[in-house]
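**Student:** Protein chains in written order, with the working numbering: chain P, 1 to 60; chain W, 1 to 214.
None of these hints come from the bench; they were simulated from the model. Note that the Cβ used here is the ideal one computed from N, Cα and C, for glycine as well. One or more of the hints may lead you astray.
[Said to hold, decoys possible] To be clear about the criterion: a stretch of chain P counts as covered by chain W if any three or more of its residues have a C-beta under 8 Å from a C-beta of chain W, and this derived list gives those stretches: (1) 3 to 14; (2) 30 to 36.
[As the list claims (entries may be wrong)] Derived DSBU-like pairs: lysine-lysine, alpha-carbon spacing no greater than 30 Å straight-line: (3) W:Lys-27 - W:Lys-100; (4) P:Lys-4 - P:Lys-23; (5) W:Lys-29 - W:Lys-19; (6) W:Lys-19 - P:Lys-23; (7) P:Lys-23 - W:Lys-71; (8) P:Lys-23 - W:Lys-29; (9) W:Lys-71 - W:Lys-27; (10) W:Lys-140 - P:Lys-23; (11) P:Lys-23 - W:Lys-112; (12) W:Lys-19 - W:Lys-51; (13) W:Lys-52 - P:Lys-34; (14) W:Lys-112 - P:Lys-34; (15) W:Lys-140 - W:Lys-29; (16) W:Lys-71 - P:Lys-34; (17) W:Lys-71 - W:Lys-52; (18) W:Lys-51 - P:Lys-34; (19) W:Lys-29 - W:Lys-51.
[Unchecked claim] Derived CB-CB ranges, DEER-like: (20) P:Pro-9 - W:Glu-15: 40 to 50 Å; (21) P:Glu-58 - W:Pro-102: 26 to 36 Å; (22) P:Pro-9 - W:Asp-43: 41 to 51 Å; (23) W:Asp-153 - P:Pro-17: 16 to 26 Å; (24) P:Thr-19 - W:Asn-108: 22 to 32 Å; (25) P:Phe-8 - W:Arg-41: 46 to 56 Å.
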Amino acid sequence: MAVKTIVFPRCTSCNRPITPDMKAVHFTCPNCAKVTIWRCRICRELARLYTCPACGFEGP
Amino acid sequence: MEAKDYLSPDVELQELLVKSGVHLGAKIKVAHMERFIYRMRPDGVYLFEAKKILERLNIAARFMALFEPQKILVVSTHVYGIRAVQRFCEVTGCIPVAGKIPAGILTNRTLKYYVEPEVVLVSDPRYDLQAVVEASIARKPVIAMCSTDNVCDDIDLIIPMNNRGRTSLPFAFWYLARRYLIERGEATPELLSSLTIEQFTAQPVPGEEYQQII
Ligand SMILES: [Zn+2]
Ligand SMILES: [Zn+2]
Numbered sequence: 001m002a003v004k005t006i007v008f009p010r011c012t013s014c015n016r017p018i019t020p021d022m023k024a025v026h027f028t029c030p031n032c033a034k035v036t037i038w039r040c041r042i043c044r045e046l047a048r049l050y051t052c053p054a055c056g057f058e059g060p
Numbered sequence: 001m002e003a004k005d006y007l008s009p010d011v012e013l014q015e016l017l018v019k020s021g022v023h024l025g026a027k028i029k030v031a032h033m034e035r036f037i038y039r040m041r042p043d044g045v046y047l048f049e050a051k052k053i054l055e056r057l058n059i060a061a062r063f064m065a066l067f068e069p070q071k072i073l074v075v076s077t078h079v080y081g082i083r084a085v086q087r088f089c090e091v092t093g094c095i096p097v098a099g100k101i102p103a104g105i106l107t108n109r110t111l112k113y114y115v116e117p118e119v120v121l122v123s124d125p126r127y128d129l130q131a132v133v134e135a136s137i138a139r140k141p142v143i144a145m146c147s148t149d150n151v152c153d154d155i156d157l158i159i160p161m162n163n164r165g166r167t168s169l170p171f172a173f174w175y176l177a178r179r180y181l182i183e184r185g186e187a188t189p190e191l192l193s194s195l196t197i198e199q200f201t202a203q204p205v206p207g208e209e210y211q212q213i214i
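The shape of chain W in the complex, shown without the other chains:
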């Protein structure tokens, strides 16, 4: 069945998405992700469909909007996702875990940093495996951004996209933040216009150089 009418994404947004490289996959594909793949580029890189990515991002934002922001855990251990997660949580009020995931954050009640979220969002099920496993023990649903080579066990909602790019992760979190605020009814035109992708992008620290993975 088709999604609702207001989900039909406009062309400008799709162009921005393609420019940010969100539609790029990896050179490996797994069976779980096969149904999201649009085609293969001549150099062997699999591609996602821009329309489908936006549709899934909208669905994920709508699902997250069912919960209070204090009940959402957002996890990213990826270099380019850390700044994006921090900014996302500043804007929306969710619980950030950027960088190292503390062991037992969802399972050990005696710890100071123990949290009890209703839903967990991870940027890569392979890097953030700790969060996925703990969410499975705590019986919480997991939303995950998956590339073409991610195995999707213990995931309840997949966002098919490039989850390793310098520009693609900031784009995804920027778009999710916007949609989340709109779905929650907290968005004002000033707030939406003040959000830019640059705020979500990792700034290089002097003396330290980031490596581009894709």
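Pulled out of the complex, with its shape left as it was, chain P reads as follows:
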């Protein structure tokens, strides 16, 4: 039987994989609109900073 792998997106702040049941949010970088930024529920609740890997924009 072939082994199937699922690649989950990772949170931009804490790098944890985001499973579909989490209340995570994704949006394109507000500054450069090139990269999709993912934020997990915990990072949103704690207002942790995220940094865009393409342009270096620091949010929120």
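Given chain P's structure and the hints, the job is docking chain W with the ligands onto it.
**Tutor:** For chain W with the ligands alone, coordinates are given in the frame of chain P:
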């Protein structure tokens, strides 16, 4: 990294911003907003940097310009924000929620007023908590105007500014409307010159008096 060149705000605009009191914060500061604070006035009021406010407003407008106007929900329950939101949505075509936020607007599909926006803009995360919580359940990004004493949980883009002033909220929405139209490529010189801050300012209703909070 520095923002692009065309973002460098001109001096006149900064003067207008300071005149409108957009750079004024509150007398309390929270850790989330500490990195936006420029200095403290001798009477204890924290101040924002005018350049940073304009930069953030530009970024917010550029982010909103990625979406169709029908996919943007603009919320304000503040007395001075109601007229500003209504005018903002007249100009840009976004979905306004001015005044009371109907419960379940983002979560209950059976309701008549249910909407499914891509991004939510709130004028104060404390007054508009209902919208922030529902956006979190619906997994939509939230842009928020925050003062120095606003806790910024569940917010994805902060606009640091005075969000309780009689003149500062109209200024912010006026500027956002202008930038949004420019970024969308819908702006014409006539349209931009016809937009004035007075149109965004709350007019006192006869027999009813507004109270200045700050
Ligand atoms: Zn995270
Ligand atoms: Zn970026």
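**Student:** Identify every previously stated hint that the structure contradicts and give their numbers, smallest first.
**Tutor:** Violated hints: 1, 6, 9 and 14; rest satisfied.
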